[in-house]
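Asker: Residue-level listing of the chains:
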Amino acid sequence: MNGSLELARALGHVRNAVVAFVAADDPTGESLFLAAECLDLEGLFAELGVEQEFLDPERDAATSLAAASESLAAARPLVPLALWARLQAVRARAAR
Amino acid sequence: MTATVGTLLDDVHARAWDLCSRSSGSEEGTSHEQLAAGYLAAWPRLANAALRVLDAVHVEPVWLDDASAVREVLRAIADEKSLASPSVAGSEVAPAASERAVRAIATRLGVIADLLSGQPAARTEVDRAASLGLQANVVAVVHAVAVTTLAALGDQQEFETARWLMRGVVARSERQAATPTLERAGRYEDVAAISSEDRSLDGAIARWLPATVVALGSPRRVTQSALQFAAGDALILIATAGTVLYAATQLGLVPHDLADRARPTLVGAHEAWRPLVSWPGTVRLHGVRDVEQFEASRQLRQVITDNLRENRGWLPPGTMADRFDLASLLGSLRRGMHGLGNVSVAHFQAMDRLVRSPGQLWIAASAVTQSAYRGSATIEAACRKGWVPMPPGEPAGLALLADAKQALAATAVAVAALDATSAAAASPSQRGAGALQWDRGRIVAFGADDHPRLFETVQSSEPAGARSERRAPVRLGGPQQSSPRR
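From first to last, the protein sequence lines stand for chains A and B. Residue numbering for the first sequence follows our numbering, beginning at 1 and increasing consecutively. Residue numbering for the second sequence follows our numbering, beginning at 1001 and increasing consecutively.
Derived by calculation from the structure, the hints in this document are not laboratory data. Some hints here could point you the wrong way.
[What the hints assert, rightly or not] Computed cross-link-like contacts, SDA-like style, restricted to lysine to any residue with a CA-CA straight-line distance of at most 20 angstroms:
| # | chain 1 | residue 1 | chain 2 | residue 2 |
| --- | --- | --- | --- | --- |
| 1 | B | Lys-1385 | A | Leu-83 |
| 2 | B | Lys-1385 | A | Glu-51 |
| 3 | B | Lys-1385 | A | Leu-5 |
Since this is a predicted model, take the numbers as computed values, not measurements.
When you get a sec, could you build the whole thing from the sequences and use the hints?
Answerer: Below, the structure is given as C-alpha cells:
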C-alpha cells in the first residue's frame, strides 16, 4: 500500500465530487452546500500537503465521495481522524 | 434588529408626523411663543443634519442637483444665529418639548448621514434614482417641520425674519416633498449599522466580506482554496438572494416586473461563478487555506442553513415570512450582494495577477499546450505525472481569467437588478386633499385646497402581507391620533 498515493487519490475523488455537485441542477440548493463542504475537505488535504491525483470522474458525486472514503480507508495510518470524520459527515449529508 | 437608513427614515417620518399632530393641539403650560421659539432654536441643527444627508452621497456632476434650492435655504438657516438668540421671545426658558422633538429628528438625520458617509459615489441610474428618493425623504421631513413651525410662528412681529426663512423652506422643499413614496424607495435605505459581533445574516456577511477580500487581495495569502471558497460562497449567496427574492415577490413585497428583471441576472451570475468553484483539474495554486476566510465562510453558510433552510431545501415563502421580516431580509441580501460585488472585484484582480505573473499558477506538465514550452523538462515531468509552472499565455490560465471576468460582470449586473427591487411594492397612491399625507410610512406633501385636511390616520390592514396600509382622512383640529408606523 502506498499511503501517499491513496491520499492523493482521495483528494482527486473529492475534487471530482466538487465538480459534480457544482454542475448539479439542484433547485433545493443542497448541492451548493455540499460542494462548499467538499471545499472544506480540500482545505484539510492542502494542510496535509497532499497533491491531487487526476482521476476520471465517477458517475456522480456520491460515488466519488464513496471512492474517496475507500482511498482514505486504505491509507488509514496516515489519515487524521478529523479528515476521516469530515468526509463521512459530507457523505452522510449527501446521502440524506 | 439591524438599524438601517430605511428604519431610521421611518422613525424620523413618524416623529415629524407626531410633531405636526401636536401643533394642532396646545401644549400644556407652553405659550405659542415658547412653542415657536422651541422650533426655531432647533432649526439650525436640523438644517445642518439635513444638509449632511443631502451631501452624503456624491453624485455625478453632470446630473442636475434637484436639491440645490433647498440646500441654499438650509445653509442660510444653519448660519442664522438669531433663531436661537434671546431676542426671540421664549427662547430663554428651558428647551421646550417642541425643541426637543425637532432636535431628536435632527439627531437621527445625523445618524443617517453617518451611515451613508461610507457610500461610494452614485454612478448608475439605479444609484441616481435611489439618491433622489433619499433626498425626497429628507426634504419631506424638513418641509413638514417647516410647515409646522410656520403655523406656530403666527403673526408676531418678532418672528418676521423667521417667517421669511420658513416660507422659503416650505416653497423650495414642496416639490420634492410631494414626490410619491413609491418613487423614493431605493438601495440607500438598505445601508445599515452592522456590527461584526452580530449573529444575524448581516453580521455573518460583515465578517465574511473583509476576511474574503483580504485573503484574495494578499499576493502571499491567496490560494486556490481561497479563490474556490469565494466562488462557492458566491453561489450560495446568490442562490439565497434568489430564494428570498422569490418569496418576497410571492408575498407581494416586490413588484413582479422588477423581480422578473432581477431573476435572470441572478441566474446569470450563478452560472458565471460555477466554473470558478471547480477549477480545472490541470491547474493549481499551492498554499494552505486561510483560517479566517475559512471560518467566516463556514459561519456564513451555517447562518443561512440554520435560518433559511430545512429538510435539505429552502424554506417555503410562507414559512420564511412567518419567521422573518421579509423586506428586511431582502435588504440584508441586497447588502450581501453588494459585498459579493466587492469580492468579485478582489477575485478578478487576484486571478488577473496570478495568470499574468509568471510562476504563480502551476499546470500539469501533460496539459501544457504551447509547443515552445514543451521542453525536455516538461516532457520528463509529464512522464511522471508532475507539475510545472504555468507558461504565460497558456489557454487554461486565460480561461480561468475569462471566467473570473465573466463572474465580475454578471455579479455587477445582478447587484444593480437586485437594487432596483428596493422600490416598494406598487399600489395605487391615494392622494387626498390634505397638505401633508402619510403614505407607506413617509410624509408626502400635497397642495392644499379650500378645505385643508392636514393629517390622516393610517391603519394596518389585516391581510395582504406585511405592511399594506389604508388611510382615513381626519379633519384639521380633530382628536389627535397616534402616529402610524410603516
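Asker: Now tell me if each hint is right for this structure.
Answerer: Evaluated hints:
| no. | hint | in the structure |
| --- | --- | --- |
| 1 | Lys-1385(B) with Leu-83(A) | violated (25 angstroms) |
| 2 | Lys-1385(B) with Glu-51(A) | holds (11 angstroms) |
| 3 | Lys-1385(B) with Leu-5(A) | holds (12 angstroms) |
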